[in-house]
Amino acid sequence: MRAVQITRFGGPEVMDVVDLPDPTPGDGEQLFDISSSGVNFADTHQTEDSYLAPQTLPLIPGAEFVGTAAEGGPRVVGLLAGGGYAQKVATDPRLTWPVPEAVTDEQALAVVLQGTTAWHLLRTSAHLAEGESVVVIAGAGGVGSLAVQLAKRWGAGRVIATASSPEKRELAESLGADATVDPALADDDPKTFTAALREANGGKRVDVVLEMTGGHVLDGSLSALAPFGRLVAYGMAGREAPKPVNVPSLMGTSRAVIGFWLAHCFSRPEMLDQAMGELLPLVADGALKPVSGGRYPLTAVREAHQDLRARRTSGKLTLDPSR
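Numbering (the UniProt record's numbering), first residue to last: 1 to 323.
Derived by calculation from the structure, the hints in this document are not laboratory data. None of the values given here were measured: they were computed from a predicted structure. By construction, the Cβ of each residue, glycine as well, lies at the ideal position given by its N, Cα and C atoms. Among the hints, a few may not be true.
In silico PhoX-like cross-links for lysine-lysine, where the CA-CA straight-line distance does not exceed 20 Å [what the hints assert, rightly or not]:
id: 1; residue 1: Lys191; residue 2: Lys204
id: 2; residue 1: Lys191; residue 2: Lys152
id: 3; residue 1: Lys243; residue 2: Lys152
id: 4; residue 1: Lys191; residue 2: Lys243
Simulated restraints, written as ranges between beta carbons of each label pair [claimed, not checked]:
id: 5; residue 1: Asp16; residue 2: Leu250; range: 23 to 31 Å
id: 6; residue 1: Glu13; residue 2: Glu199; range: 37 to 45 Å
id: 7; residue 1: Gly72; residue 2: Glu199; range: 51 to 59 Å
id: 8; residue 1: Arg8; residue 2: Glu101; range: 28 to 36 Å
id: 9; residue 1: Gly155; residue 2: Asp16; range: 45 to 53 Å
id: 10; residue 1: Lys191; residue 2: Val245; range: 47 to 55 Å
id: 11; residue 1: Gly10; residue 2: Gly286; range: 27 to 35 Å
id: 12; residue 1: Phe9; residue 2: Leu250; range: 49 to 57 Å
id: 13; residue 1: Met251; residue 2: Glu303; range: 41 to 49 Å
id: 14; residue 1: Asp19; residue 2: Lys191; range: 51 to 59 Å
id: 15; residue 1: Leu31; residue 2: Ala284; range: 26 to 34 Å
id: 16; residue 1: Glu170; residue 2: Arg268; range: 32 to 40 Å
Put together the whole structure using the sequences plus the hints.
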């Protein structure tokens with residue numbers, strides 16, 4: 001089979017398209033033929049070995065796929081510990097879900113990792129209550145574009161999205177954001193960013209922040225929280241070392257900082273079933289609209305990572321393993 005392999009850590013340049021033997025299923029696994037592979041920002045950390053779980057070389061990146069079992073059957077979308085940037089993968093069928101006919105490969109890939117993340121950020125981690133204000137950092141991205149829609153659907157009083165360009169801010173507003181803010185305001189002074197978030201919320205502090213950048217954006221977002229507000233951190237796109245959490249400050253302001261990593265749901269698949277059981281029908285009905293960020297040939301995987309890291313994309317990026 002053809003696959004993307006990493007034999008040294010680094011940037012997009014370390015990904016090589018090579019021919020490898022087909023994977024051999026282990027106990028409880030099935031072999032799947034992949035029709036589409038998903039690309040996530042976490043994959044750019046995986047190539048560097050800079051994410052939460054240490055990586056072992058050589059490796060095939062990729063945490064999600066759409067395909068069919070080698071012996072036949074329905075089209076499914078699945079989550080993986082790795083191996084998705086390939087034409088075939090062996091994995092546990094318990095972490096796959098049938099894709100409705102009305103849902104495209106790209107749409108299914110948008111919800112299986114990024115959609116379930118958005119679902120759990122709002123429901124499981126933030127415990128969003130009707131009428132609360134929500135700030136979605138990177139509101140035009142894969143997780144953010146879905147979180148904006150879900151927050152509005154679930155009764156958020158006001159949804160504020162950040163996005164790095166006028167085009168991305170316009171996209172976030174078209175998905176339901178009531179206001180948008182340029183995160184570049186945090187570059188010089190987090191207080192400026194805090195003030196912009198409060199202004200976007202009618203002068204009031206905000207109740208929930210979904211944060212995936214770190215650095216000054218996290219600092220400014222935390223300062224914008226109201227008492228009993230919750231900041232859910234689920235990424236570190238800014239590649240800055242996080243500051244220690246100041247517990248007395250949290251106590252003195254009655255704020256919470258919560259971490260979320262979807263990998264912890266892998267051992268509790270019922271949590272994924274709950275999210276996918278709601279998200280896929282919403283997509284099939286047209287009530288939830290995943291944003292396509294572009295489909296790349298497998299041979300252009302380096303370009304896909306370069307575009308993602310340079311923030312030239314919006315929504316979900318996918319790879320075509322047949323090209």
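Verification of the supplied hints:
Distance hint between Lys191 and Lys204 is fulfilled; the C-alpha atoms sit about 15 Å from each other, no more than 20 Å. Simply put, Lys191 and Lys152 have alpha-carbon atoms about 27 Å apart, too far for the 20 Å limit, and the pair is violated. Annotation: proposed proximity of Lys243 to Lys152 is violated, straight-line Cα distance about 31 Å (limit 20 Å). Restraint check for Lys191 and Lys243: satisfied, since their Cα atoms lie roughly 17 Å apart, inside the 20 Å limit.
Asp16 and Leu250 have their C-beta atoms about 45 Å apart, which leaves the hinted 23 to 31 Å range violated. For the hinted restraint 37 to 45 Å between Glu13 and Glu199, the CB-CB distance of approximately 42 Å keeps it satisfied. Gly72 and Glu199 have their C-beta atoms about 57 Å apart, which keeps the hinted 51 to 59 Å range intact. Under the hint 28 to 36 Å, the C-beta atoms of Arg8 and Glu101, about 42 Å apart, miss the expected range.
Taken as a hint, the range 45 to 53 Å holds for the pair Gly155 and Asp16, whose Cβ atoms sit roughly 48 Å apart. Between Lys191 and Val245 the Cβ separation comes to about 20 Å, which falls outside the hinted range of 47 to 55 Å. Against the hinted window of 27 to 35 Å, the Cβ-Cβ separation of Gly10 and Gly286 comes to about 41 Å, which falls outside the hint. The given range of 49 to 57 Å is broken by Phe9 and Leu250, whose C-beta atoms sit roughly 35 Å from each other.
At roughly 47 Å, the beta-carbon separation of Met251 and Glu303 lies within the given 41 to 49 Å, and the hint holds. Hint check: Asp19 to Lys191, Cβ distance near 54 Å, so the stated range 51 to 59 Å holds. In this structure the supplied range 26 to 34 Å holds for Leu31 paired with Ala284, their Cβ-Cβ distance being about 27 Å. Between Glu170 and Arg268 the beta carbon distance is about 38 Å. The supplied range of 32 to 40 Å therefore holds.
In summary, the numbered hints that this structure violates are 2, 3, 5, 8, 10, 11 and 12.
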